[in-house]
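Starting from the structure of chain X, add chains L and G where the hints point.
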Amino acid sequence: MTLDIEVKGLGVSYGREKAVDGVSLKLPGGKIYGLLGRNGSGKTTLLSVLASFREQSEGEVRIGGEAPFENAAIVNQVCFIQENGHIAEGYRVKDAVKLAASCWPNWDEAMAQRLLEHYQLPQKKRIQSLSRGMKSALGVAVGLASRAPITIFDEVYLGMDAPSRYSFYEELLRDYMEHPRTFILSTHLIDEVSNLFEEVIILDQGRLLLQEETESLRQRGVSVTGPAALVDEFAAGLNILGEQRLGGMKSVTVYGELGPERERQAHAQGLELGPVPLQDLFVHLTKKGGGKR
Amino acid sequence: MFDERSPIYQQIADQIKDDIVSGALKEEEQVMSTNQYAAFYRINPATAAKGFQLLTEEGILYKKRGIGMFVSTGARSTLLEARRDRFFEEVVDRMVEEARRIGVPLADILKHLEKQREEGNQ
Amino acid sequence: MIGAPQTKKHPAVNVALQLWSTHRWTLLWYWLIFVLAMIVICIFMYSAGPEKIESLDESYWLESGGFSPKIFLLVIGILMTPVSLASFVSNGVTRKHFVAGSTMLMAALALLSSLVFAAGSLLESLVVDWIGFTVKMGHPPFFRVLVEQFFLFAGYSGTGWLIGSAFYRYHWRVGVIISVLSFVPITIMEILADSAGIVKLLELSVTPPAWNFGLSAVLLAVITAALVALNYYMLRKVSIKRKLI
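Residue numbers (the UniProt record's numbering), protein chains in the order written: chain X, 1 to 293; chain L, 1 to 122; chain G, 1 to 245.
Do not rely on the hints blindly, as some may be mistaken.
Not the full set, but computed from the structure, chain X residues with beta-carbon under 10 Å of chain G [as the list claims (entries may be wrong)]:
| # | residue |
| --- | --- |
| 1 | Arg54 |
| 2 | Gln82 |
| 3 | Lys98 |
| 4 | Ser146 |
| 5 | Tyr166 |
Cross-link-like lysine to any residue pairs, in silico, SDA-like; alpha carbons within 20 Å at most [what the hints assert, rightly or not]:
| # | chain 1 | residue 1 | chain 2 | residue 2 |
| --- | --- | --- | --- | --- |
| 6 | X | Lys124 | G | Arg24 |
| 7 | G | Lys237 | X | Phe69 |
| 8 | G | Lys241 | X | Gly90 |
| 9 | L | Lys64 | L | Ala82 |
| 10 | G | Lys96 | X | Glu70 |
| 11 | X | Lys98 | X | Glu109 |
| 12 | G | Lys96 | X | Ser102 |
| 13 | X | Lys94 | G | Arg24 |
| 14 | L | Lys64 | L | Met32 |
| 15 | L | Lys26 | L | Ala82 |
| 16 | G | Lys96 | G | Tyr232 |
| 17 | X | Lys18 | G | Arg242 |
FYI, nobody ran anything at the bench for these hints, they're computed from the structure. Ideal placement from N, C-alpha and C gives every residue a C-beta, glycine not left out.
Isolated chain X (complex conformation) (with noise of 0.2 Å):
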């Protein structure tokens, strides 16, 4: 089973502080996302939200069709792991387990167990005394055994070392194939990730940027190389995202499909069209001053 995610006009204000202001969205269930933004952007607010660690200022959010907000029937379905935890720093690696085991409608114990015993987590160890990696790694484990319909991780998987990391995305993977649910991974490292992503939301300045489907966000991009004047001449009235100059030569990094049109009249002027990766494409989405839709 799957839960669809609505969220209608969303305002979230710290005092006179917007975090969040405006943002609506539809996340069909069932789905990985990729949230992106630089820091400061909103995204762990905009989570907060959906998993109900806060109430919103403005606006709509639904879940499943419901109001989320202190709703039993959906907080229970919404798992939302952030990088420091919130488990009280007393608490035992197996009682933190324990713990979430009683509170999960979906837990999978023998998940929970293997993961912890991968991850290499000292049952008897307290939280206050576990490394930055060892911490993120309880998370990821408690929320891939929550089998919450919805599972948000914020960041949590930084923490980690890259073999951690990467068995982290196999059992993320793994799990989402045998029980199809919604997952929600906020980053701004995309390049290790960005081929879990079905979908990526990018929020900037607490405003939706875009919200895509990674394959033909990867296409939007485009990189034309040649002859500074000719450049020039090429991407007028295209939206450019970012240039560079290196002597004669011009590379501009251009947003959006050109066509089969402008792609032979590039080709026909002897210029060079490439890719962008979409790391690249994201941080001149989200450059100061830049990206403008």
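Coordinates of chains L and G only, in the frame set by chain X:
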């Protein structure tokens, strides 16, 4: 594994096509499932499925309900034909373009090809 | 609402049981040490005191013993929200069910504590009779001690809980104000129960109203319920903070 040059599903389709052309995948042989593919390459299964869909639309693969995806009979010859069609446009024309750019006379290329043919005949 | 087997307990009951499993050893150890300490003090006072005591003005257990468990329960209350709220909410429990579960836990702690306390008072009177002291004040009946102490203990943990919740929810300045104000209801409770505690500590000379016990008990219950309601009011929309403790 995948480059950024084109969509991943396109690259998946191209890989499977390469395997069919090279004979690594035989006709009527079962192809890895979408999930196996996704797990192996650590990609979203929807992306893998899109690649497979591309191939079924082209008639390279077909689906046996409840069993999986198989290589169609005649897939290899279809692919070979398509590649031959594109051969001059994609390989020869580009070679000629490059030769002109760097100042290799066409006569030299012809000479080189003649030599290869003679070696091939021996 | 999901196909998988749902044999889970009601979330509020689960919160209470989970909290119980982390608090039971603390409670046991506390009472063990407390009772032992009281016995040692009594023996010392009797046998090694400067003067040989032959009569008691009032019950030593009720006058001196009541204070420590109140502080103990106050502290448990203070820690409740900062330590446990985020643990439960992040595991998919509503604030409402957390408040309900915490209330059950505190009621259980207050009940067990008041049972031990009332039993101690009963035991003391038996021992005093056996030794042959004359107790001028006499002992209030077991049941009355039990009920009054139950509400007082519940009142102290509820007061602590209020303080912890206030600091969690509001700016610390507001927390300080609420902490000070939160001693108003508990002081009223002490007066109602004519108990040794904050009233003696502040050297207030208040004569308890000469109501019958039933009315006092009802009022005690109402104030306790109000403390729980205030906690719920503060926590029902609170945002989950980054880790505090």
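Worksheet item: Under the criterion of a CB-CB separation shorter than 10 Å, is Lys98 (chain X) in contact with chain G as hinted?
Response: Constraint on Lys98 (chain X) satisfied, holds at 8 Å.
Worksheet item: Would the pair Lys241 (chain G) and Gly90 (chain X) pass a check requiring their Cα atoms to be no farther apart than 20 Å?
Response: Measuring from Cα to Cα gives roughly 17 Å; hence the hint holds.
Practice prompt. Let me know if the C-beta of Arg54 (chain X) comes in closer than 10 Å to any C-beta of chain G, holds or violated.
Written response: 4 Å, holds
Discussion item. Run the distance test for Lys124 (chain X) versus Arg24 (chain G): straight-line Cα separation, threshold 20 Å.
Written reply: 19 Å, holds
Worksheet item: Taking only the CA atoms, is the gap from Lys64 (chain L) to Met32 (chain L) under or equal to 20 Å?
Response: 13 Å, holds
Fill in: Cut-off 10 Å, beta-carbon criterion: hint that Ser146 (chain X) touches chain G
8 Å, holds
Worksheet item: Can the restraint linking Lys98 (chain X) and Glu109 (chain X) be considered satisfied, given a maximum Cα separation of 20 Å?
Response: Given pair Lys98 (chain X), Glu109 (chain X) holds - Cα atoms ~9 Å apart, limit 20 Å.
Worksheet item: Should the hint that Gln82 (chain X) touches chain G count as held when the rule is a Cβ pair under 10 Å?
Response: 8 Å, holds
Worksheet item: Do the alpha carbons of Lys237 (chain G) and Phe69 (chain X) lie within 20 Å of each other, as the hint requires?
Response: 9 Å, holds
Item to complete: With chain G as the partner, please determine if Tyr166 (chain X) meets the hint condition of a C-beta pair closer than 10 Å.
Response: Cβ of Tyr166 (chain X) sits 26 Å from chain G, so the hint is violated.
Fill in: Proposed proximity, Glu70 (chain X) with Lys96 (chain G) (alpha carbon, max 20 Å)
Answer holds: Lys96 (chain G) to Glu70 (chain X) is near 7 Å, not above 20 Å.
Item to complete: Sort out whether Tyr232 (chain G) lies within 20 Å of Lys96 (chain G), counting only the CA atoms.
Response: Roughly 7 Å between the alpha carbons, so the hint for Lys96 (chain G) and Tyr232 (chain G) holds.
Consistency note: the structure conflicts with the earlier hints numbered 5, 9.
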